[in-house]
Amino acid sequence: MTESTSLWTPELIAVVMAAVKAIVLLLGLVIVAAMLIWVERRLLALWQDRYGPNRVGPFGLLQVSADMIKIFFKEDWVPPFVDKPVFLLAPAVAMITAMLAFLLVPVAPGWGVAPDLNIGVLLFLALASLEVYAAMLGGWSSNSKYALLGGLRATAQMLSYEVFMGIALMGVVIQAGSFQLDHIVAAQRHLWFIIPQFFGFCMFSLAAIATTHRFPFDLPEAEQELTAGYHTEYSGMKFGMFFVAEYVGVVLVSALLTTLFLGGWQGPFADRLPWLGFVWFALKTFFFVMIFILLRGALPRPRYDQMMALGWKFCLPLSLANVLVTAAAVLANTAGTV
Amino acid sequence: MFDTLKAIYSNLRSMVMIFSHATRKRDTILYPEVKPYLPPRYRGRIVLTRDPDGQERCVACNLCAVACPVACISLQKTQAEDGRWYPEFFRINFSRCIFCGLCEEACPTSAIQLTPDFEMGEYDRQNLVYEKEHLLINGTGKVPDYNFYRVAGLAIAGKPIGTAAHEARPVDVKTLLP
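Protein sequence lines, in the order shown, are assigned to chains A and B.
If you count by this note's numbering, then the first sequence holds residues 1 to 338, one letter each, in order.
If you count by this note's numbering, then the second sequence holds residues 1001 to 1178, one letter each, in order.
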């Protein structure tokens, strides 16, 4: 009796609980990302005066299952001309980097895999930079022109947008005084950072769209120009991994925008009812997801050089100015108090 | 700077415009539940019509088969006891047909006509080959009162030469009398 109880030490229980949380979040994330395929098609259809998938199951909800069944049973063909190990590695990199960053996000009070990681924002930036390897390696190892051009564009796009992505977040970090995401959420108790950090918000959302390769910054996979860009040569579940990774990226970036600028899970009564915190978080995240889809429905794709020019000539100076002004303001305030 | 602001404004404006489409009526017709309106001259399933007397209109002239760009019509002429021509068999292979309507335009007796019906899907390709019994309908189609043998000069049993509508008796060239 004592032996069996001594097996469940508090440490072990904590580890098991953390593992369960991680698995729940992981599964939930993948399912949400898959459902986004349906959400996106329905919303795009709504804004284009169509219906979208509405045949399979209620409201077409089972379309996702049908697509999944299809993609699992498709022939997973590796072309003979590719660099095989790298070709196989690339979709895994896409999926892993997209999902790993989600461990930072506090989805509800006290819920999350590691929201108390003290290098939170930095880890996200690091993973976002690693995400470029998926596109780059996929495009390079495919040994085909379209894929290479797509990988090339992805690399250039990442280079120009990673830079001010980090800088845009520094304003939030300065104001919260911490890289830790649950501290950042706690710092927005009275005022969401979207108000004092409006330019930081704008810059970060631009960079976030660019890192997920979504419209209007989907140049790496511009269908009209590059067939499918860096994943032209992929088929079956490997393509599916790129595809789902893109939607995981959308969820991740929306969740981060929520956490960093819209107060995360904070909202009326969220302190008293923890589950309500999750509802607020989910609603805010879905709001950003919707904006992402609306962007896709509304905007044209800029030219390659226009996109880079926007990054370097407009967003980078603006986010630098934002950091300077924020730092000056914070310094002035603390100097006054000290 | 002004250009940048203008660009931001124009992008936001198009986003609002697209979002406002959420309240518009959708253009899609939910097909199997709601049937679309097809005008009477729609070029769908091909039929063989009958004249107002209920006889087959087709005189097996083969003009439709000649006009058909994909050669999906085949027929064989035969003759009835009373002198009428009619097709012994008339076969349209709808797996080849492109519904161009040239057969309808070529037909001198308005026998072959296209109808506003497109729901001809089959699981077995061979079922798309329509024989005469599948094509022939019990009506006049789009031309209600045309009867070829009643206006044509061809003599058949019960209608000697000169008795067709608007047709004069043949001139007797061997007499001078009016």
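One or more of the hints may lead you astray.
Said to hold, decoys possible - Under the rule of at most 16 Å between Cα atoms (straight-line distance), these lysine to aspartate or glutamate pairs were calculated in the EDC-like manner:
(1) B:K1159 with B:E1081
(2) A:K313 with B:D1003
(3) B:K1159 with B:D1003
(4) A:K145 with A:D49
(5) B:K1077 with B:E1131
(6) B:K1025 with A:D49
To be verified - Partial pick of chain A residues on the chain B-facing surface, computed with a CB cut under 7 Å:
(7) R42
(8) L44
(9) W47
(10) D49
(11) W77
(12) L294
(13) G297
(14) A298
(15) L299
Hint data in this document are derived by calculation from the structure and do not stem from the laboratory.
If you're wondering where the values come from, they're calculated on a predicted model, not measured in any experiment.
Backbone N, C-alpha and C define an ideal beta-carbon position, used for all residues, glycine too.
Hint-by-hint comparison with the structure:
no.	hint	verdict
1	B:K1159 with B:E1081	13 Å, holds
2	A:K313 with B:D1003	13 Å, holds
3	B:K1159 with B:D1003	86 Å, violated
4	A:K145 with A:D49	36 Å, violated
5	B:K1077 with B:E1131	14 Å, holds
6	B:K1025 with A:D49	7 Å, holds
7	R42	11 Å, violated
8	L44	10 Å, violated
9	W47	5 Å, holds
10	D49	5 Å, holds
11	W77	29 Å, violated
12	L294	6 Å, holds
13	G297	5 Å, holds
14	A298	4 Å, holds
15	L299	6 Å, holds
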